[in-house]
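Chemist: Now for the letters of each chain:
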Amino acid sequence: NAGVTQTPKFQVLKTGQSMTLQCAQDMNHEYMSWYRQDPGMGLRLIHYSVGAGITDQGEVPNGYNVSRSTTEDFPLRLLSAAPSQTSVYFCASSPLQTYQQGANYGYTFGSGTRLTVV
Amino acid sequence: AQSVTQLDSQVPVFEEAPVELRCNYSSSVSVYLFWYVQYPNQGLQLLLKYLSGSTLVESINGFEAEFNKSQTSFHLRKPSVHISDTAEYFCAVGIQGAQKLVFGQGTRLTINP
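So the sequence lines, in the order shown, correspond to chains S and H. Per the working numbering, the first sequence starts with residue 341, numbered consecutively. Per the working numbering, the second sequence starts with residue 6, numbered consecutively.
Be careful, since some hints might not be right.
Just a few of them, taken from the derived set where beta-carbon distance is under 10 Å, the chain S residues facing chain H [said to hold, decoys possible]:
(1) Val344
(2) Pro348
(3) Pro379
Not close to chain S: a few residues of chain H, all C-beta gaps over 10 Å, as computed [claimed, not checked]:
(4) Asp13
(5) Ser14
(6) Glu25
(7) Val34
(8) Glu71
(9) Ser75
(10) Thr77
(11) Arg82
(12) Lys83
(13) Ser89
(14) Gly99
(15) Gly109
(16) Gln110
(17) Ile116
Label-pair distances were calculated between CB atoms; the ranges are [stated by the list, open to error]:
(18) S/Arg384 <-> H/Ser89: 49 to 57 Å
(19) H/Ser57 <-> S/Thr347: 32 to 40 Å
(20) S/Ala392 <-> H/Ser85: 43 to 51 Å
(21) S/Gly403 <-> H/Ser57: 37 to 45 Å
(22) H/Ser8 <-> S/Asp413: 41 to 49 Å
The hints are simulated quantities; they were obtained by calculation from the structure and are not laboratory data. Predicted model, so just to flag it, every value in this text is computed and none were measured. For every residue, glycine included, the Cβ atom is placed at its ideal position computed from N, Cα and C.
My request is simple: use the sequences and hints to build the entire structure.
Modeler: What follows is the structure, given as structure tokens:
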């Protein structure tokens with residue numbers, strides 16, 4: 341069981357270039373999300389999705405696009421990379437939480453993509 | 006909206022000493038609380054969680070956390086740390102019915118021999 345797979349693990353981009361960070365999960369999780377991790381700022385939510393065809397913005401969505409055409413995949417696109425987007429990016433997934441108390445509610449994280457924009 | 010504050014960005018301790026990593030949250034509704042651990046160059050792993058019931062929750066590797074509703078806290082403790090506990094620890098809060106988790110800034114735990 342692979343869990344959450346992120347590719348690539350490392351990437352260097354030039355300012356203005358575009359790229360797609362890939363995220364795939366094999367646990368049939370409805371909820372998927374992208375975070376960026378910066379020193380002293382913890383994890384900040386970029387975009388999230390509660391199912392195929394449904395996406396929404398998080399705390400820091402500017403400069404990023406997402407789509408969710410299948411349950412398994414949730415790619416993150418940088419349209420025109422900027423040095424401010426240098427960060428470590430994490431994809432996370434979970435079952436869709438219900439209103440039942442005690443529902444299992446914990447994210448499974450990928451191993452991250454370290455992106456440097458020069 | 007909910008928020009999380011981890012009061013210490015770095016905590017250095019000696020091996021076999023006790024440690025407490027502090028976490029306070031803010032929310033107007035009932036919350037779920039989590040601690041995640043990130044070992045060097047890895048993703049985050051769930052350490053323990055509070056959903057309901059007993060306010061004291063434990064992990065398999067000796068950590069425990071206590072949910073204190075009156076003080077809006079969820080501090081993480083271990084009575085005796087090991088070198089292998091060196092990692093960054095993140096507190097997170099979620100609310101019932103909502104999928105998003107809000108994470109704290111992280112606390113880097115460094116164990117000195």
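Chemist: Taking the hints in turn, state whether each one holds.
Modeler: Here is how each hint holds up against the structure:
| no. | hint | in the structure |
| --- | --- | --- |
| 1 | Val344 | 8 Å, holds |
| 2 | Pro348 | 15 Å, violated |
| 3 | Pro379 | 9 Å, holds |
| 4 | Asp13 | 12 Å, holds |
| 5 | Ser14 | 7 Å, violated |
| 6 | Glu25 | 19 Å, holds |
| 7 | Val34 | 12 Å, holds |
| 8 | Glu71 | 18 Å, holds |
| 9 | Ser75 | 20 Å, holds |
| 10 | Thr77 | 18 Å, holds |
| 11 | Arg82 | 20 Å, holds |
| 12 | Lys83 | 20 Å, holds |
| 13 | Ser89 | 19 Å, holds |
| 14 | Gly99 | 6 Å, violated |
| 15 | Gly109 | 5 Å, violated |
| 16 | Gln110 | 4 Å, violated |
| 17 | Ile116 | 20 Å, holds |
| 18 | S/Arg384 <-> H/Ser89: 49 to 57 Å | 28 Å, violated |
| 19 | H/Ser57 <-> S/Thr347: 32 to 40 Å | 37 Å, holds |
| 20 | S/Ala392 <-> H/Ser85: 43 to 51 Å | 47 Å, holds |
| 21 | S/Gly403 <-> H/Ser57: 37 to 45 Å | 39 Å, holds |
| 22 | H/Ser8 <-> S/Asp413: 41 to 49 Å | 31 Å, violated |
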